[in-house]
Amino acid sequence: MDERLFTDEDLMRRFCAGDSHAFQILYTRHEKPLYRYVRRVLGTGLVTQVDEVFQDTWMKLVDARDSWQPRDNASFKTWLYTLAHHRAVDILRKSGREISADEGWQENDEKHNDAENAWQQWPAATAEQPEQKAFWNKAGQQLLHCLDGLPALQRAAFLLHHEDGLSLEEMTQVLNAEFETVKSRLRYALSKLRTCMGAHLQPLTESEHA
Amino acid sequence: MSTRDEHLKKALQHAPDSDVAPRDATRKAVLDYADKALKLGHKTHRESWFSRLINAFNSWKIPNWQLTGMGSLAASLLVIVMVFHENPNDPIQVASAPDTVQSEAMKSEAGPSSTASSATIAEPKLAQNEAVNGELARDRLAKDSAEASQQAAAPAIAPAPEAASAEIEAPKLKEKTLNHLEAKIEADNQSAKQAAAPQASRIEAPAEKETPADKANVASAPEAASVETEKDAAIPRAKGRVAKDEVVMASPAPVAPAMVEAAPASAQSAPVQMKKMADAEAQASAKADAGASTSNNATEEKRRQVTKPIIKPITKRIGDDSLAKTIVQMGGAAMAKQDIQADKLRILEVAEYYKGKPSDCQDSFMPSTERRVDAQTAYNIEEIYVCVANQQLTKEVALYNQVMREWHLENGI
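Residue numbers (this note's numbering), protein chains in the order written: chain L, 1 to 210; chain U, 1001 to 1413.
Hints are computed from structural coordinates only; laboratory data are not their basis.
A few of these clues could be false.
Claimed, not checked - Below, a list of computed lysine to aspartate or glutamate pairs in the EDC-like style, where the Cα atoms sit at most 20 Å apart:
#	chain 1	residue 1	chain 2	residue 2
1	U	1036	L	56
2	U	1009	L	164
3	U	1009	L	148
4	L	32	U	1032
5	L	60	U	1024
6	U	1039	L	63
7	L	32	L	51
8	L	32	L	56
9	U	1028	L	52
10	L	60	U	1035
11	L	133	U	1017
12	L	32	U	1024
13	U	1028	L	31
14	U	1009	U	1019
15	U	1036	L	63
16	U	1028	L	63
17	L	138	U	1006
18	U	1036	L	169
19	L	32	U	1019
20	L	133	U	1006
21	L	60	L	19
22	L	183	L	169
23	U	1039	L	19
24	L	60	U	1032
25	U	1036	L	148
26	L	94	L	66
27	U	1039	L	66
28	U	1028	L	56
29	L	32	U	1017
30	U	1028	L	51
31	L	133	L	90
32	L	183	U	1019
33	L	138	L	148
34	L	138	U	1019
35	U	1028	L	164
36	U	1009	L	131
37	L	133	U	1019
38	U	1337	U	1406
39	U	1009	L	163
40	L	138	U	1017
A quick note: this is a predicted structure, and the numbers were derived from the prediction, not measured.
Using the sequences and the hints, build the whole thing.
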């Protein structure tokens, strides 16, 4: 039996029916992405809490399996990330971290334009040349640093959209916010990250391009 | 503007933490937890106390009306417990129980009597009686208030069980015997009232507020038209009435023997004794009336009877009422001699203490009085508590005191 033929909802249904193997497949399928999401939302300051939040998320899923009902507008993945997000926000609140998403952010057009210009100096994101790997690794490291500077909810919006591929509609359920609010948070996050990345990451030099 | 930035996405993919994974212990804990949950079935999650409480209520299938009934019952029980817990030995409550029984008994006795009197005496006379009683009530209003305050200060004293049972049983027997006659009495009352209205000249002589017609009747009538004659004439009209009327109106007719015999010896205490006293007094007054030859004397006597409140038996005494019974039975002189032989030297006084209006005197009680000493003999003064004193009692008490004083003059220190 090919496990890939089963959707998350099918596996969850089988798990609710008593199939523990279905849960193992589900867990394996979402283990790393969920763990990364939790780790990045919590940030480097709360890295020690990541395993706790991750474990609590799955245990809560197991406990609430009877109340789970497959719906058209809510996938299993949305539900799973919703549980994880709420648990992470709880930890952030308890730790006293600022989770406000709309803290004062004045978009600097000049910096934004510089970032856009810098983007143009960057290698194309679609294809990756072997010699560009160091650049992207450095970009990835810089991105984590920039993510730590974002408010938690903007960070969550960016990660859900870029890392886990959730749509804006799904993000509204995970973040429990209106569509425009989610969109605004995402736009703020992108703008900040572009500025942050363009300011700290120099574009490839001519020699590096060559 | 696209919401996805490919450059940032690619940078995110190359982030140093892109390959991180939970620890093996975490993975094992999650999978084991899921396995246990499936093996244990359901409800492996920890429920809070509130959720357990809600589930318990949900599983408790009881109709709402039963819950409402149980709640009402619990509230009622709580109120009852609170009421009885507040003052379980309240002397007023304890004493009020026999009072209530006694009052009901008296009502059964006084009700027909008033009905009978209204049947025998015409309406104007009843109005005069009420006026006179009202005056008496006003006269004793101040005394009532003072006694009421004293009673409120002093706890109520419950009557002796024997006296209470006697007082209760006798009126009950009477009531049982007379209840079936009340309807007839009512009918007679109605007929008497109807007859009294157009025949005002044939009504008994009024006491104080005589109508001109009555005065003319009294003045022009010969001796045979005296009050006694009128009473005798009225009696045949009420011939069908029961002896109860005669007893209450203090007529010469004796107390219904059946009632007296039916009551046990102990029960023939206050009511029967005082009925005998009332009968004796009525007989004496009747003799006095017979001796009187003029209509003025008869009218005066009748006025005295009307102005005087109805003498009712002492049926309720919270204090020591044995003196009243004993002195009437033995006679004042004999009792004084007996007390002297027993070296019980004292002076007696008749004291009327009652509750409520004098006209419906039902209760007498013993006020809290200070010890008093007779100035002449230096003997203690003891009061005989009665509701309303009659002449015989007063006379016997006077005889008692006279004998006591004479003995004191002869033998006193």
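Regarding the pair residue 94 (chain L) and residue 66 (chain L), is the alpha-carbon distance no greater than 20 Å? Cα-Cα ~29 Å, so violated.
Assess, step by step, whether the Cα of residue 1036 (chain U) is no farther than 20 Å from the Cα of residue 63 (chain L), and give holds or violated. This hinted pair holds, its Cα atoms lying about 11 Å apart.
Given the hint that residue 138 (chain L) pairs with residue 1006 (chain U), test it: the Cα-Cα distance must not exceed 20 Å. 16 Å, holds
Are residue 1009 (chain U) and residue 1019 (chain U) close enough, with their CA atoms no more than 20 Å apart? Measuring from Cα to Cα gives roughly 15 Å; hence the hint holds.
Below or equal to 20 Å on CA atoms is what counts here, so check residue 60 (chain L) against residue 19 (chain L). 17 Å, holds
Is the Cα-Cα distance between residue 1036 (chain U) and residue 169 (chain L) 20 Å or less? 35 Å, violated
Restraint status (C-alpha distance of residue 1028 (chain U) to residue 52 (chain L) at most 20 Å): 13 Å, holds
Just to be careful, I want the Cα atoms of residue 32 (chain L) and residue 1032 (chain U) compared with a cutoff of 20 Å; is the pair within it? Distance of about 18 Å is within 20 Å: holds.
Sort out whether residue 169 (chain L) lies within 20 Å of residue 183 (chain L), counting only the CA atoms. 10 Å, holds
Please work out if residue 1039 (chain U) and residue 66 (chain L) have their alpha carbons no farther apart than 20 Å. Cα-Cα ~15 Å, so holds.
Do the alpha carbons of residue 1028 (chain U) and residue 51 (chain L) lie within 20 Å of each other, as the hint requires? Satisfied, since the Cα-Cα distance of roughly 12 Å is no more than 20 Å.
Is the straight-line distance between the alpha-carbon of residue 32 (chain L) and that of residue 56 (chain L) 20 Å or less? At roughly 15 Å apart (the allowed maximum being 20 Å), residue 56 (chain L) and residue 32 (chain L) satisfy the hint.
Comparing the model with each earlier hint shows violations of hints 18, 25, 26, 31, 32, 35; every other hint is respected.
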